[in-house]
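The lines below spell out each chain.
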Amino acid sequence: MAQGWVQIVVFLLVLTALVPLVGSYIAAVFRGDRVFLSPVLGPVERFAYRVLRVRPGEGQDWKAYARSIVVFSLVSWLALYLILRTQSIQPLNPEGFGSGPWNLSFNTASSFVTNTNWQYYGGETTLSYFVQMVGLTVQNFVSAAVGIAVLAAVIRGFAARSGSALGNFWSDLVRINLYVLLPISFIAALVLVSQGVIQTLDGSTTFNTIAGGTQTLALGPVASQEAIKELGTNGGGFFNVNSAYPFENANSLTNMAELLLILIVPASLTYTFGRMVGNRRQGWALYAAMMAMFVVAVAVVYVAEQHGSPAQHHAGVATASIEGSTGGNMEGKEQRFGIAQSSLWTAVTTVTSCGAVNASLDSLTGIGGLVPLANMGTGEVVFGGVGSGLYYMLLFVLLTVFIAGLMVGRTPEFLGKKIESREVKLVLVGVLVTPLLVLFATAWAVASPDGTQSIYNHGPQGFSESLYAYMSQANNNGSAFAGYTGFVQPNAPGNGGSEAFSFATLLGGVVMILARFLPMIAALAVAGSLAGKRIAPAGAGTFRADSPTFVVLLIGVVVIVAALTFFPAFLLGPVVQGLTDQLF
Amino acid sequence: MNGLRRDLVTATSAIVFLTLLLGIAYPLVTTGVAQLVFPGTSNGSEIEVDGEVVGSKLIGQDFKGLPRYFQGRPSATEYSGNVTYFNNLGPNSRELSDFFAEQLAAYLKRERRYDPDLAAADVPADAVTTSASGVDPHISEANARIQARRVAEVRSLPLDRVLALVSEHTDGRFLALFGEPGVNVLELNLALDGGAAK
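For the record, the sequence lines run as chains L and F.
Using the working numbering, the first residue of the first sequence is number 779, and each one after it goes up by one.
Using the working numbering, the first residue of the second sequence is number 4, and each one after it goes up by one.
Be a bit skeptical, because a hint or two may be false.
[As the list claims (entries may be wrong)] Partner residues aside, some chain L positions facing chain F, computed with beta carbon under 8 Å:
1. VAL788
2. GLU823
3. ALA826
4. PHE919
5. PHE964
6. PHE1017
7. GLY1102
Because the hints were derived from the structure by calculation, they are not lab data.
We put the CB at the ideal spot given by N, CA and C, even for glycine.
With the hints as constraints, model all of the structure from the sequences given.
Following this line, the structure appears as structure tokens:
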């Protein structure tokens, strides 16, 4: 396993080295400064403002900012829903796929507009190139940009000395897409293509295999979507098996590149935050808290997967590492990634809200499968989704400051601003909405026959699948214990018919929308309420939030909130399986 | 209401503008550059033999248990390249355990004819578990070394020659550090067929 640990450590060092670079660049983009790409992209930016008829300097208060986001997301949703429903009459559809049914399209549109990318469909058997590009790739970009824009607004609220303006949403939307997401995606897409990720508009190709059969390869404009799928912590695969498929993730170089793309923005935003509030230590403190929780997650899943599964042990399959084989639970994993890269990927994509997979999560060991569930159970604050991870974490920071204040009997303050009753109430709304949605939706899904028809595995794994589905959708993650189905492909085994299950698609869609926008609005409201507050200079009695003590407290609060909420549910599913060798 | 109406107009023009930029210009420009600079990989890394496409370097094939070929990993999709899905059975699944037992027995039966001492403990995990993609192009080095005896005997080749071909078609780790080495089964079998073995 030493080889695996070294891979993981080196990866984390590379990431950490890039954080200040990317973080200060994003800070410049947030502030509206000229950046090195301005000579090229400046004219496009100005053209965009003319088309949108907005003045970039015109500040919005939190309500106006939130309203712009809600309206923009609503228009995005309608556009995507229409595109999905009219696929059969659109161009670039070489396989001649039909239009999506209403309930599945509801789920998919909600999924991509909320940056979730939960998929109740298999891309290569359902969607045309046109829908992948014009529908999904666009939402991969803009839903990510919305998350980052909200964070920009929230940071401005924390940093403001007076007034109520949090910036201009339209300007943030344009600048984040133009200066951050688009250039990195373009370069990344070409790097991926150079390694074997495909990028073509040709239809599928069929040939005779050397053992005397035939094979048909689905093709498409994959790399351009793959790049933003990772960079925007979206995660929706062009292919049904996502980043396990060699045309999405060709080798260990592309695997590392994609992992870096997933983490780079959410990790760097901690630095951006520190820089913009004028306290870089504060940024690093948040980074440290996230990294600490992340390292534990990786370590647990790696050890669990290396141990192998009861199904293997009962069958007498060797799981020990031998010369020329890693051993371990290789079910649903690719040889080129092995246990270490699959484990690292599983942790990275579930601490962030990326949800891409390079291995089958349904076949993880009990404890291995507990890790992604627990990662999401924290509310995706360990790096989290682009933008959303940090604004959610900032809610936890305020909660920690409040609890610490109660313990020592002082008025809680953060960055010199007093945290009062209004902020704490909003924080609680923001922090509790998502877990409540998870528990409510899961309970409904396992208690009703409409819900249980989605379940694939027997025993506790069936419960885990249900819990995972709503945990993932509520936290806008998008990864799945993929046996859980809402729409079985017509030509896949266990076909439930070509109709989508309305229960699963509608409940999931509603959960994704509520869990995306309610905490987002709460975070903006907190920022709006903080913006006008005076900044008091730190005194001898100030409880510093950039100290190691605070990092420990913050981790404690995050873990305790998640544990109190989800411990019973975890016991019923993954923990039972981790503790028993019994088969079901 | 005024602000709301203004937002609706702005949002609509924003979606149109961003769709043109990110949904059409970006993927098309990327496709153009990719096709120009990386024509091989952007179209699927196809392998041709005598002008005929026989497969993709990145996509495994079903070698149908033919003794003269190295065999890839078990697949939930029969190596489908256009309908992909996982096996999706959980870690405590009886069905999965039975599947493993079946795969292990079949593997031992096939290889023991050429290597009577082969024990269950020698069979590496990748040989009896389904891959994630269903088209894993690789097998582990340990798996290939076991199968090399059979291929060498069936093809009447010296074992050393076959093992040399195995290492030749092993894709190493990135920077000798990341990922796991894997033997590309299609390329190896093509090399054996193509007379590289002689």
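We went through each hint and held it up to the structure:
Using the Cβ-Cβ criterion of 8 Å, the hint placing VAL788 (chain L) at the interface with chain F is satisfied: the shortest such distance is roughly 7 Å. For GLU823 (chain L), the interface hint is violated, since its Cβ never comes within 8 Å of a Cβ in chain F; the closest pair sits about 11 Å apart. For ALA826 (chain L), the shortest C-beta to C-beta distance to chain F is roughly 6 Å, which falls under 8 Å, so the interface hint holds. This hint holds: PHE919 (chain L) has a C-beta 5 Å from the nearest C-beta of chain F, less than the 8 Å allowed.
About 6 Å separates the beta-carbon of PHE964 (chain L) from the nearest beta-carbon of chain F, less than 8 Å, and the hint is met. At its closest, the beta carbon of PHE1017 (chain L) sits 5 Å from a beta carbon of chain F; the interface hint therefore holds under the 8 Å criterion. At a threshold of 8 Å, the smallest CB-CB gap from GLY1102 (chain L) to chain F is about 3 Å, leaving the interface hint in force.
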